[in-house]
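Asks: This is what each chain is made of:
4 protein chains.
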Amino acid sequence: MNFASDNWAGAHPKIAEALSAQSQGHAPAYGASPLDARVEERLCDIFERKVAVFFVATGTAANSLSFATVARPGGVVFAHAESHVIADECGAPEFLSGGGRLCPVDGALGRMEPDALEAAIHRYPPEFIHAGQPMAVSLTQATEVGTTYSLDQISEIAGICRRHGIPLHMDGARFANALAALDCTPAEMTWKSGVDLLSFGGTKNGCWCAEAVIVLNPELGADMHFLRKRAAQLFSKSRFIAAQFDAYLADDLWLQTAAHANSMAANLANHAEQASALRLGWTPDANEVFMIMPKATQQKLSDAGAVFYPWHPPKSLEGKIGKDEVLTRFVTSFATTEAEVDRFGELVR
Amino acid sequence: MNFASDNWAGAHPKIAEALSAQSQGHAPAYGASPLDARVEERLCDIFERKVAVFFVATGTAANSLSFATVARPGGVVFAHAESHVIADECGAPEFLSGGGRLCPVDGALGRMEPDALEAAIHRYPPEFIHAGQPMAVSLTQATEVGTTYSLDQISEIAGICRRHGIPLHMDGARFANALAALDCTPAEMTWKSGVDLLSFGGTKNGCWCAEAVIVLNPELGADMHFLRKRAAQLFSKSRFIAAQFDAYLADDLWLQTAAHANSMAANLANHAEQASALRLGWTPDANEVFMIMPKATQQKLSDAGAVFYPWHPPKSLEGKIGKDEVLTRFVTSFATTEAEVDRFGELVR
Amino acid sequence: MNFASDNWAGAHPKIAEALSAQSQGHAPAYGASPLDARVEERLCDIFERKVAVFFVATGTAANSLSFATVARPGGVVFAHAESHVIADECGAPEFLSGGGRLCPVDGALGRMEPDALEAAIHRYPPEFIHAGQPMAVSLTQATEVGTTYSLDQISEIAGICRRHGIPLHMDGARFANALAALDCTPAEMTWKSGVDLLSFGGTKNGCWCAEAVIVLNPELGADMHFLRKRAAQLFSKSRFIAAQFDAYLADDLWLQTAAHANSMAANLANHAEQASALRLGWTPDANEVFMIMPKATQQKLSDAGAVFYPWHPPKSLEGKIGKDEVLTRFVTSFATTEAEVDRFGELVR
Amino acid sequence: MNFASDNWAGAHPKIAEALSAQSQGHAPAYGASPLDARVEERLCDIFERKVAVFFVATGTAANSLSFATVARPGGVVFAHAESHVIADECGAPEFLSGGGRLCPVDGALGRMEPDALEAAIHRYPPEFIHAGQPMAVSLTQATEVGTTYSLDQISEIAGICRRHGIPLHMDGARFANALAALDCTPAEMTWKSGVDLLSFGGTKNGCWCAEAVIVLNPELGADMHFLRKRAAQLFSKSRFIAAQFDAYLADDLWLQTAAHANSMAANLANHAEQASALRLGWTPDANEVFMIMPKATQQKLSDAGAVFYPWHPPKSLEGKIGKDEVLTRFVTSFATTEAEVDRFGELVR
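Chains as they are written, first to last, in the numbering used here: chain S, 6 to 354; chain W, 6 to 354; chain C, 6 to 354; chain D, 6 to 354.
Everything labelled a hint here was simulated from the structure, so no lab data went into it.
Some hints here could point you the wrong way.
[What the hints assert, rightly or not] Straight-line distance between alpha carbons at most 25 Å, and here's what the computed SDA-like set of lysine to any residue pairs gives:
1. K19/C x S38/D
2. K19/C x L40/C
3. K320/C x H127/S
[To be verified] With beta-carbon atoms standing in for the labels, derived distance ranges:
4. H135/D x E224/W: 30 to 38 Å
5. A344/C x E323/S: 47 to 55 Å
6. H135/D x H317/S: 37 to 45 Å
7. P18/W x E161/S: 47 to 55 Å
[Said to hold, decoys possible] Selected chain C positions facing chain W (in silico; Cβ < 8 Å):
8. R43
9. Q138
10. D228
11. L232
Glycine residues also receive a C-beta, built at the ideal position from the N, C-alpha and C atoms.
Model the full assembly from the supplied sequences, consistent with the hints where possible.
Replies: Structure follows, in structure tokens:
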């Protein structure tokens, strides 16, 4: 019953196999191999347009280099107050973008509230150099709290970006989970809704280490080859990333693993709704389930072998968690089994 | 006959197997797994002292973060004019160390000349703030041109560092090749000779992606956990690096693969010495062989299927390469076969 | 009736004279002149301890270099949400400190609420590298909204800093105005209350350009000479700053000009309290007065020749400003005359 | 007899007067005053084209921000090995341009040798991301060693820049001295010869603190307002810089002070040529004279009250300075008197 995080899992067997198959032979380094090219082509197909693909080591790198390629002096990126870039990346986005600022924007359930976003951007009027200048908006899809933006919600955010002349970045560390939840195409969830830059994550969904910046807007990213190399993020044996993505994208494996994780999360949520000793924080769209439970229940579950984390309550839950209660997070992945979920259900019934 | 680079190879079968064995199960992320701990302990054994180990994505990251942890404002790192940090890292050491400078130091055969190093440091006297201040010396072992520093040569450089109160870094992208060439212990080649910080490379010698900063001097590196995270170099599924190092270091695999690569290079050099149509640039210690040949020979070898690169001649060869000649580099690795080397020998005999 | 800002004024005649007296003769550059030394000694006397003084070009530079000298990777500076470093320095503190983050802390009347500060720091627990790490707290004295922290309030903030092991910085762009308001000594308002680093401003209070970092805590600032030079903030003809400070500090001129500005502000506030067409936002301690007025009154005052700015309402005024009203800021300085203030009083009576 | 440096002087009386005249009254801050605008217009007239002018605190800031506005990731600026940006700015150009690199280029008498520049740029081929990419060339006019580039020499350097698609920056800390030496117009010495960006210095030639970036190429510098503010280089009371420049440029004062300094240097050089106990290093064009003298003479001159510095010999003098000899630098300025020069002549005759 390991629900600690989707990055505690290993790799999907097909991905492990594909990588092993690359242990032999020689291939050009630094992304110049035929396999690297094949993955880029595959992603162009998937996104229904010519995109530029840059493998990097971590999701944090993908986010940070996305910001770096649109950096401006005194530049400000607007993101949800609980977003990964603000809460979990130790200043990497600021540092790797050359000193940019992240401005937190509030909103319920992990989604930026459009009015709050507008108000935040208005604090940086274009001619007032003292404040700085807007440089991007970043939304997380699926969000850090297991919800998703609908296509309309993405478009609304994108509209704000266009009005202010700034690009829209999507942190897609759980891109596949969002895609499976919305049942739409990658193109629809990104550039057709106004997204310019994407952090495309494979690690949480079945790879060991497969992250990429995908530049969707052909007017951006011209300096990304240099930015990535300067950030020490260009792998010499790049094909070991390519091999993972190759298997990940083949035969829709990525969508199947994401759908499985989402389904396991939905089952967990169902158990939570029927449980007496705990309650669901909110309904998940993707692969993260948040539950409010007495500390005694938390202890009992831990004792029974369930692994999960307490979580900092979002503003929307302020006053709704009792003194002896705790908000907890359960994450599912391609590796979560029905048996694990059922066992949890038995424990909380 | 692929002698393009040791990073064109894949992975040693034992390393590929070890990684595959990690595809199942859950383990704490971000370096907290038991396997991560085991590798760190193993490295403490190997280096005969408590060392701190930080996995990173690339050798460039290992070098850059080594400099970052000893960074000073206006800081200057002294390195060989042809070193990787100066010639091949696109400003990453400067950028990731917060704006440091790399000062090139001359010396024959890829080794800094101690007098030239002293003279370079003297241009930055400690009280003259206008110039900046020395912050580290970095030597490459094995060097970029296939030679090695002897233990005495390392100690001499370290003595200069101590006199100026600055740490000594070793770029060990080909650490194992140097170790095999010198037939000494890791401790002797590093801290016992005065090295404080090490970029420990496994990628070129049989791993897919296994690089680490090893902090040998216990007084340094206190902020490295934050520096690495801020540089977006902390892997979530860190155990996929750990698994590679675990197999790499087990049963001295790393020393065997390095010895093999060195031996193949020595054989190549022997062929070159006996060849009529080309000549050896200098005698290699490790796994890189440099040859001077007519462009016609270069073409003939390429046509026969040999893959290798032309190389920018070092100062010591100025005037020694004819108008129709070219300096070329041949790199061997764990994956180089005797058959490839023999075939080369036949072609140039 | 110019109440636009205290940086719209010129220079006090005694300061202009002192500078003119330095137009002749030669003196060592870069801060090595006898006059530079005399000012440093004078400041040691004033602060009743050995302090280190670093002239810089702007208050923004003083703030940013203060942060730079205590910078940590992933470092976070906590400051009031409406502070100058957050609202008006275009990312300079982040950039010049090598990528630090500024975390806004709420609090009424421009002062950080201690509980809010504690809560903000708690979001960056020392062992959780993902979030980053606290690196300083910065308070503004006098605040951006014309109030001051009492000595007890400063000590309370300093206590929080000590518990978390981080230094306390004071942005003293209006240091003299605060001092005059509190009627205490410079030592009491700084290191005796726990302040480690001070941005000491003279520009707003009668100089043309006289700003300095004053390092009060002798354990800090060792690298400041290099930090300042690297930030291009070391003046060659440093004595033109020294001359201004020399006159500024002589015969308590700085305290007199500040007391005058504060007194003019108090008079303005009195007029506001007795006015029918506008009301005081809050009672000022220093030289800034905030008034809420109908837009018609704003227009009438402007037409009559009063120069002042509308201001972004702080959170504490939310809902308290009518639809047709506007918050406005009036700033006084050494150059403000009683006649100007009286004229304002006549207009609003 | 003070020949230590042109930044040991104070201010020209007319400049001191002009500044004093600004001590009264109010004016918009941050460069928005009418006087600021007048200076910018005057510079447009002087340069015979619409230029953008940005006052900054130091020449180092002007150089660094010039590079920042053309910065590229992994970017390299090519400058003479003995240039101020490389030898005397403590890494500010690297830091303020976000991690750029300065590549030293050799050449006799302070001027980059065009072939050496070409060769240096060729080490950074545009498609080879590992090395980095050229981002600018910076030449110093007058050079650090008292010589000047002729217009043809500037044009030749500019031609190299154009072929490689990179801008040409001129470090004009002693711009007026060069102009007086060449007897040409500011337009001819800059944009008509291919210069895109200029660090325009007034401090060494009679101001206290008057430095500016002048953007000559209208396609560049769009982000300079933000870059300057982010570097903490935007003065609030900007008019105190404007007032200095206003007087500096009025009635060709700047050309007269420069011509005077050059003339004093020429006289010093004449004395050196006729002296028995020392010899001229090379013939000066501008206001710096380099002499080789026995250490005994150096001592004798010092004892007699002459202030001057020993200097690090350039490569071209290697082997030409005796064991008991020393290279020395004498700098003249607007404040140098004929009496001082005559006195020197008497001493060395």
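Asks: Run the structure past the numbered hints and jot down the numbers of the failing ones, going up.
Replies: Violated: hint 8 alone.
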